[in-house]
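Novice: The listed protein sequences correspond, in order, to chains A and B.
The first sequence maps to residues 1238 to 1353 in my numbering.
The second sequence maps to residues -8 to 402 in my numbering.
Simulated from the structure, these hints should not be mistaken for laboratory data.
These numbers come from a predicted model, not from an experiment.
From the three backbone atoms N, C-alpha and C, an ideal C-beta is built for every residue, glycine too.
Keep in mind that the hints are not guaranteed to be accurate.
Stated by the list, open to error - Listing some non-contacts, in silico: residues in chain A with all C-beta distances to chain B over 12 Å:
| no. | residue |
| --- | --- |
| 1 | Gln1239 |
| 2 | Glu1257 |
| 3 | Met1263 |
| 4 | Ser1281 |
Stated by the list, open to error - Simulated crosslink set (SDA-like; lysine to any residue; CA at most 20 Å straight-line):
| no. | chain 1 | residue 1 | chain 2 | residue 2 |
| --- | --- | --- | --- | --- |
| 5 | B | Lys73 | A | Glu1345 |
| 6 | B | Lys152 | A | Gly1298 |
| 7 | A | Lys1335 | B | Ala165 |
| 8 | B | Lys152 | A | Ala1331 |
| 9 | A | Lys1335 | B | Ala109 |
| 10 | B | Lys152 | A | Ile1344 |
| 11 | B | Lys152 | A | Asp1327 |
| 12 | B | Lys161 | A | Glu1328 |
| 13 | B | Lys73 | A | Pro1348 |
| 14 | B | Lys152 | A | Met1241 |
| 15 | B | Lys152 | A | Asp1283 |
| 16 | B | Lys152 | A | Ile1351 |
| 17 | B | Lys73 | A | Val1349 |
| 18 | B | Lys161 | A | Asp1324 |
| 19 | B | Lys152 | A | Met1238 |
| 20 | A | Lys1335 | A | Gly1255 |
| 21 | B | Lys161 | A | Met1238 |
| 22 | B | Lys152 | A | Asp1324 |
| 23 | A | Lys1278 | B | Lys73 |
| 24 | B | Lys152 | A | Val1349 |
| 25 | B | Lys152 | A | Met1350 |
| 26 | B | Lys152 | A | Lys1335 |
| 27 | B | Lys113 | B | Arg148 |
| 28 | B | Lys73 | A | Ile1351 |
| 29 | A | Lys1278 | B | Ala156 |
| 30 | B | Lys161 | A | Asp1327 |
| 31 | B | Lys73 | A | Asp1324 |
| 32 | B | Lys73 | A | Gly1255 |
| 33 | B | Lys161 | A | Pro1348 |
| 34 | B | Lys152 | B | Ala23 |
| 35 | A | Lys1335 | B | Arg148 |
| 36 | B | Lys152 | A | Glu1345 |
| 37 | B | Lys152 | A | Gly1299 |
| 38 | A | Lys1335 | B | Pro163 |
| 39 | A | Lys1335 | B | Ala166 |
| 40 | A | Lys1335 | A | Asp1283 |
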Amino acid sequence: MQYMLLIYNAEDNGPQPGTEEFGPYMQGYVDFTKEVQDAGKMLSGDALQPTATSSTVSVRGGKTEVMDGPFAETKEQLGGFYILDCDDLDEALAYAAKIPDAAYGRIEVRPVMIFD
Amino acid sequence: MQPPVDAHITRVIREDWGRILSALTAHVGNYALAEDSLQDAVVVALDKWQHGLPEHPDAWLLTVARRKAVDRLRRTANASRKEQELALFLEQTRPDQEEAGVIPDHRLELIFACCHPALEEKSRTALTLRAIGGLTTPEIAAAFLDKPDAMAARLTRAKRKIRDAGIPFKLPDAADLPDRVEAVLRVIYLIFNEGFRTNGATLTRADLAEEAIRLGRILSALLPQDAEVKALLALMLLGDSRRHTRMDDAGGYVPLEGQNRARWDKAKIREGTALVKQALADGPAGPYALQAAINAVHAEATTFAATDWPQIAALYDLLAVRAPNPVVAINQAVARSYVDGAEAALSLLDQVAKTARLETYQPYHACRADLLSRLDRPLEAAENYRAAIALSASTAEKAFLAQRLAALDPT
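Next comes chain A alone, as it looks inside the complex (with noise of 0.2 Å):
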């Protein structure tokens, strides 16, 4: 099965940039993606530029509106992805708990709808 595995942390929150912890923690994303990748899990997977550079886009009455930011205002913004074949949702839970972020944010994991 294909599981999205959704990071979602606040973007002053965990390491950041400058900081020493920094180093650490995105080694353990090069750390984890060659895992999945060694693994043959790997599907896809990115990080996303932070939210300040988002915009949302919806079409009422045929009019297209454009709005600055993501939709929902909450602290916690989605910050990246990996899209991981797994054989059962146990084994893609392990994978999420090994993402580093999910020691500061959480990692929603979510099947992918496959249309037979």
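Given chain A, work out where chain B should sit, using these hints.
Specialist: Only chain B this time, still in chain A's reference frame:
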């Protein structure tokens, strides 16, 4: 109409339900389909078995249920290619073991799926009662005082999540096993406590407590090496041994102090105590073993005055370190009050209240009131009794606390 026959058939079916369902789930690879198909088979059985049970009712049910699964897959008008393939596969195969007349037991896998932490807690308890206990949805709804529709919707949501989120039907990895067993134990103990929860005028909902004990026995047979599994079974048996003495004839709550110990269930106490000893022999005591041991010490005292309080207080001290929570803290204070006196217990309780939020917790006020009344401080005791009464949700408990309040001597 043959009610006795129906009751017998229902019992046979419930006894075999979990094992057949687990075997069927392993075979069709889809819990919801397995449950629906087995239910179809039960409907046929209730009709056909009126004139006599087949030689092997379990094998009969499994065979019919498998056929019903194929029917269900075929009937799905817009069956996907995958479902068509599964129907064909099911028609053409029989699991090897079954040829030998043995139904494979996959209940453990089924229990772990039903108690998966990715499911909502209440759904875990309902699903476990349905899948392993063989209770019907209306029975589960009645036990939880829920509407049948709401319970049915809850079970449907849970089954959909099992399927769509890929909750596995397998034994957890060794690394996850302790946590997952703990989750299963928690579900079974929740069911037991639900059976004991004071609610409205009735204190005991015996059926759920009995179901929980039955589940505890099943789990204990499936995981014979696990000390905490044994300990939970012991804890439930010992708690249940006092069931008939927790309430007086008028439905009023009777505390341990006032219970008629001659009416405690000796057989349950014997079995529970033997299990505690086994659980404690297997290495460091876990939280369930400690709680069961405390109950065993209470059970062996012939009178309240004869209670071995130093032993109980020592066990609560260990439990307070191993599994700290408000319930344990309050019971620890009660036990300490009979060893070190009410004054020492009161300061222990107030110490705990500083770090844990106990202000809205009924037993905290009831315990404090009792300690204060024993210290001849009736005005403060009355204050705590009033707070406890206001926080209690049970009529029987409120009446008991009001009695205590009225008995205070304000001079």
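Novice: Work down the list of hints and note, for each, if the structure agrees.
Specialist: For each hint, the structure was consulted:
With a closest Cβ-Cβ approach of about 10 Å to chain B, A/Gln1239 is found to fall inside the 12 Å limit, against its non-interface label. Every C-beta of chain B lies more than 12 Å from that of A/Glu1257, the closest at about 31 Å, which supports listing it as non-interface. Annotated as non-interface, A/Met1263 keeps its C-beta farther than 12 Å from every C-beta of chain B; the closest such distance is 26 Å. Non-interface call for A/Ser1281 relative to chain B: holds, since the shortest CB-CB distance, roughly 19 Å, exceeds 12 Å.
Between B/Lys73 and A/Glu1345 the CA atoms are separated by roughly 28 Å; this puts the pair beyond 20 Å, and the hint is violated. Restraint check: the Cα-Cα separation between B/Lys152 and A/Gly1298 comes to about 35 Å, which exceeds 20 Å; the hinted pair is violated. This hinted pair checks out: A/Lys1335 and B/Ala165 have alpha carbons roughly 17 Å apart, not beyond 20 Å. Between B/Lys152 and A/Ala1331 the alpha-carbon distance is near 18 Å, which keeps this suggested pair within the 20 Å criterion.
Only pairs whose Cα atoms come within 20 Å are accepted, and A/Lys1335 paired with B/Ala109 is accepted, the gap being roughly 17 Å. Our distance criterion of 20 Å between C-alpha atoms is met by B/Lys152 and A/Ile1344, whose separation comes to about 18 Å. Proposed proximity of B/Lys152 and A/Asp1327 is supported: the alpha carbons are some 13 Å apart, at most 20 Å. Distance restraint check for B/Lys161 and A/Glu1328: the Cα-Cα separation of roughly 12 Å lies within the 20 Å cut-off, and the hinted pair is therefore satisfied.
The straight-line distance between the Cα atoms of B/Lys73 and A/Pro1348 is roughly 18 Å, inside the 20 Å bound, and the hint therefore holds. Straight-line distance between C-alpha atoms of B/Lys152 and A/Met1241 comes to about 16 Å, which keeps the hinted pair within the 20 Å bound. A distance of roughly 27 Å separates the Cα atoms of B/Lys152 and A/Asp1283; the hinted pair therefore is violated under the 20 Å criterion. Of the pairs offered as hints, the one joining B/Lys152 and A/Ile1351 holds, with about 15 Å between alpha carbons and a cut-off of 20 Å not exceeded.
Simply put, B/Lys73 and A/Val1349 have alpha-carbon atoms about 17 Å apart, close enough for the 20 Å limit, and the pair holds. For the proposed pair B/Lys161 and A/Asp1324, the alpha carbon gap of about 11 Å is at most 20 Å, so the pair holds. A C-alpha spacing of about 14 Å is found between B/Lys152 and A/Met1238, which places the hinted pair at or below 20 Å, so the restraint holds. Between A/Lys1335 and A/Gly1255 the alpha-carbon distance is near 23 Å, which puts this suggested pair outside the 20 Å criterion.
Simply put, B/Lys161 and A/Met1238 have alpha-carbon atoms about 16 Å apart, close enough for the 20 Å limit, and the pair holds. A distance of roughly 16 Å separates the Cα atoms of B/Lys152 and A/Asp1324; the hinted pair therefore holds under the 20 Å criterion. With a C-alpha separation of about 23 Å, the suggested pairing of A/Lys1278 with B/Lys73 is violated against the 20 Å cut-off. For the given pair, B/Lys152 sits about 13 Å from A/Val1349 by alpha-carbon distance, which is consistent with the 20 Å threshold.
Simply put, B/Lys152 and A/Met1350 have alpha-carbon atoms about 13 Å apart, close enough for the 20 Å limit, and the pair holds. Proposed proximity of B/Lys152 and A/Lys1335 is contradicted: the alpha carbons are some 23 Å apart, above 20 Å. Our distance criterion of 20 Å between C-alpha atoms is met by B/Lys113 and B/Arg148, whose separation comes to about 12 Å. In summary, the hint linking B/Lys73 to A/Ile1351 is supported, as the alpha carbons are separated by about 12 Å, within the 20 Å threshold.
The suggested pairing of A/Lys1278 with B/Ala156 holds, with an alpha-carbon distance near 17 Å, which does not exceed 20 Å. Proposed proximity of B/Lys161 and A/Asp1327 is supported: the alpha carbons are some 10 Å apart, at most 20 Å. Annotation: proposed proximity of B/Lys73 to A/Asp1324 holds, straight-line Cα distance about 17 Å (limit 20 Å). For a cut-off of 20 Å, the pair hint linking B/Lys73 to A/Gly1255 is broken: about 52 Å separates their Cα positions.
Proximity of B/Lys161 to A/Pro1348 is assessed by CA-CA distance (about 19 Å); at most 20 Å being required, the pair is judged to hold. Among the hinted pairs, B/Lys152 with B/Ala23 is consistent with the structure: their alpha-carbon atoms are about 10 Å apart, no more than 20 Å. For the hint pairing A/Lys1335 with B/Arg148, the CA-to-CA distance comes to about 28 Å; that exceeds 20 Å, so the pair is violated. Under the criterion of a C-alpha separation no larger than 20 Å, the hint pairing B/Lys152 with A/Glu1345 is consistent with the structure, at around 15 Å.
Taken as a hint, the B/Lys152 and A/Gly1299 pair is broken in the structure, with Cα atoms around 36 Å apart against an allowance of 20 Å. Distance restraint check for A/Lys1335 and B/Pro163: the Cα-Cα separation of roughly 18 Å lies within the 20 Å cut-off, and the hinted pair is therefore satisfied. The suggested pairing of A/Lys1335 with B/Ala166 holds, with an alpha-carbon distance near 14 Å, which does not exceed 20 Å. Taking the CA atoms of A/Lys1335 and A/Asp1283, the gap is near 16 Å; set against the 20 Å cutoff, the hint holds.
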